[in-house]
Amino acid sequence: MLDVAFITVNYNTRELLESLINFFRQARLPFSFSVTVVDNGSTDGSLEFLDTVPEVLTLKMGENLGYGKAMNRGIAQSHARYLCLINTDVELNEQALTALVEHLDRHREVQVASPVIRYADGRIQGFFFKFGLPTLYLDLYKKLCNSLIKRKVASAQRPLRVDGIAGAFIFCRSSLARHGKLFDENFFFYYEDTELAHRLYQAGHRCEVLPRESIIHYGGGSSSPRHIQLFYAGKYRYVRLLHGDGHARAVMLQDLMRVGAKRLFYELVGRVAPSEHINRKRESYSYVAQTLNELQSGTQDRKAL
Numbered sequence: 377m378l379d380v381a382f383i384t385v386n387y388n389t390r391e392l393l394e395s396l397i398n399f400f401r402q403a404r405l406p407f408s409f410s411v412t413v414v415d416n417g418s419t420d421g422s423l424e425f426l427d428t429v430p431e432v433l434t435l436k437m438g439e440n441l442g443y444g445k446a447m448n449r450g451i452a453q454s455h456a457r458y459l460c461l462i463n464t465d466v467e468l469n470e471q472a473l474t475a476l477v478e479h480l481d482r483h484r485e486v487q488v489a490s491p492v493i494r495y496a497d498g499r500i501q502g503f504f505f506k507f508g509l510p511t512l513y514l515d516l517y518k519k520l521c522n523s524l525i526k527r528k529v530a531s532a533q534r535p536l537r538v539d540g541i542a543g544a545f546i547f548c549r550s551s552l553a554r555h556g557k558l559f560d561e562n563f564f565f566y567y568e569d570t571e572l573a574h575r576l577y578q579a580g581h582r583c584e585v586l587p588r589e590s591i592i593h594y595g596g597g598s599s600s601p602r603h604i605q606l607f608y609a610g611k612y613r614y615v616r617l618l619h620g621d622g623h624a625r626a627v628m629l630q631d632l633m634r635v636g637a638k639r640l641f642y643e644l645v646g647r648v649a650p651s652e653h654i655n656r657k658r659e660s661y662s663y664v665a666q667t668l669n670e671l672q673s674g675t676q677d678r679k680a681l
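Residue numbers (my numbering): 377 to 681.
These aren't lab readings, by the way, just hints derived from the structure by calculation.
Just to be clear, a hint being listed does not mean it is correct.
Below 27 Å or equal to it, Euclidean Cα-Cα: the simulated DSS-like pairs (lysine-lysine) are [to be verified]:
1) 557 / 506
2) 526 / 557
3) 436 / 519
Derived Cβ-Cβ restraints for the label pairs, each shown as a range [what the hints assert, rightly or not]:
4) 515 / 625: 42 to 48 Å
5) 482 / 514: 34 to 40 Å
6) 402 / 643: 50 to 56 Å
7) 402 / 619: 29 to 35 Å
For each residue, glycine too, the CB sits at the ideal point set by N, CA and C.
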């Protein structure tokens, strides 16, 4: 059995994928590993590139299955002690990966681990989760928790326990995957990593951050209409699944009020001091409000909730 199975899901990110694969081709890692790419129907030349790297296991889905479902396909084909689930837009290094393997080898009580995830400029990202009802309803409390955890990560000298880590980079024991699956496939995109982390947290699986190790995640969200729909649909599905229908409806109502207030604010500001920036903000919040109303009324796909 191999030590680590590295798995990534690709959808039209050829340049990022090439950079990631080239890292593995050049790396001198002190453990055995495999690399699997699950391609969700890319049309940007990704498949042609993958044909040139036979050492990489390529799973061609032929369509966009979504992140969690595609990742599960890769997990099902892996045969290693550890799984390393990564986005194509991460910059890895040998030291961090070696430290993760050594840490889980030494500490059997740890099931999930992560290096510090940073932006390209060195700032620490919010790559961890703090679970609990207050973080669902109180944005200020959530921001305060994130700020405190970032400070702890920045100053820690020893591994730091956290509730969970986000999906850009997940290093875990393969025994966590049941029947070759980790992710809930009812999530297409967004919140599938939150649900997974929360499920592992509820099951008592220990998750730690190695504060002396870092990798870079370039990231960058999308504000396209489709992504806005998927984001909120994933959010309410997650809340309903982990906290029940009542909290899902309450969180949706709170979002409607918050977005409605911001839309009204930019509407009023636009009348007093019109500008292209203010107009874009107003249009953006108007679309989000429309999306939330459709999700609430059920005119969008209720299965997403």
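- Query: Given the hinted pair residue 526 and residue 557, is their alpha-carbon gap at most 27 Å?
  - Reply: violated (30 Å)
- Task: Decide if the proposed pair is consistent with the structure: residue 436 and residue 519, CA atoms, cutoff 27 Å inclusive.
- Result: Distance ~39 Å between residue 436 and residue 519 Cα, so the pair is violated.
- Query: Taking 27 Å as the top limit, are the C-alpha atoms of residue 557 and residue 506 close enough?
  - Reply: With Cα atoms ~24 Å apart, residue 557 and residue 506 stay inside 27 Å; holds.
- Item | C-beta pair residue 402, residue 643: status relative to the range 50 to 56 Å that was hinted | holds (53 Å)
- Query: At the C-beta level, are residue 515 and residue 625 separated by a distance inside 42 to 48 Å?
  - Reply: violated (18 Å)
- Task: Could you say whether the range 34 to 40 Å given as a hint is met by the Cβ separation of residue 482 and residue 514?
- Result: holds (38 Å)
- Query: Using the C-beta atoms of residue 402 and residue 619, is the stated range 29 to 35 Å upheld?
  - Reply: Since the Cβ atoms of residue 402 and residue 619 sit about 45 Å apart, the hinted range of 29 to 35 Å is violated.
Comparing the model with each numbered hint stated earlier shows that hints 2, 3, 4 and 7 do not hold.
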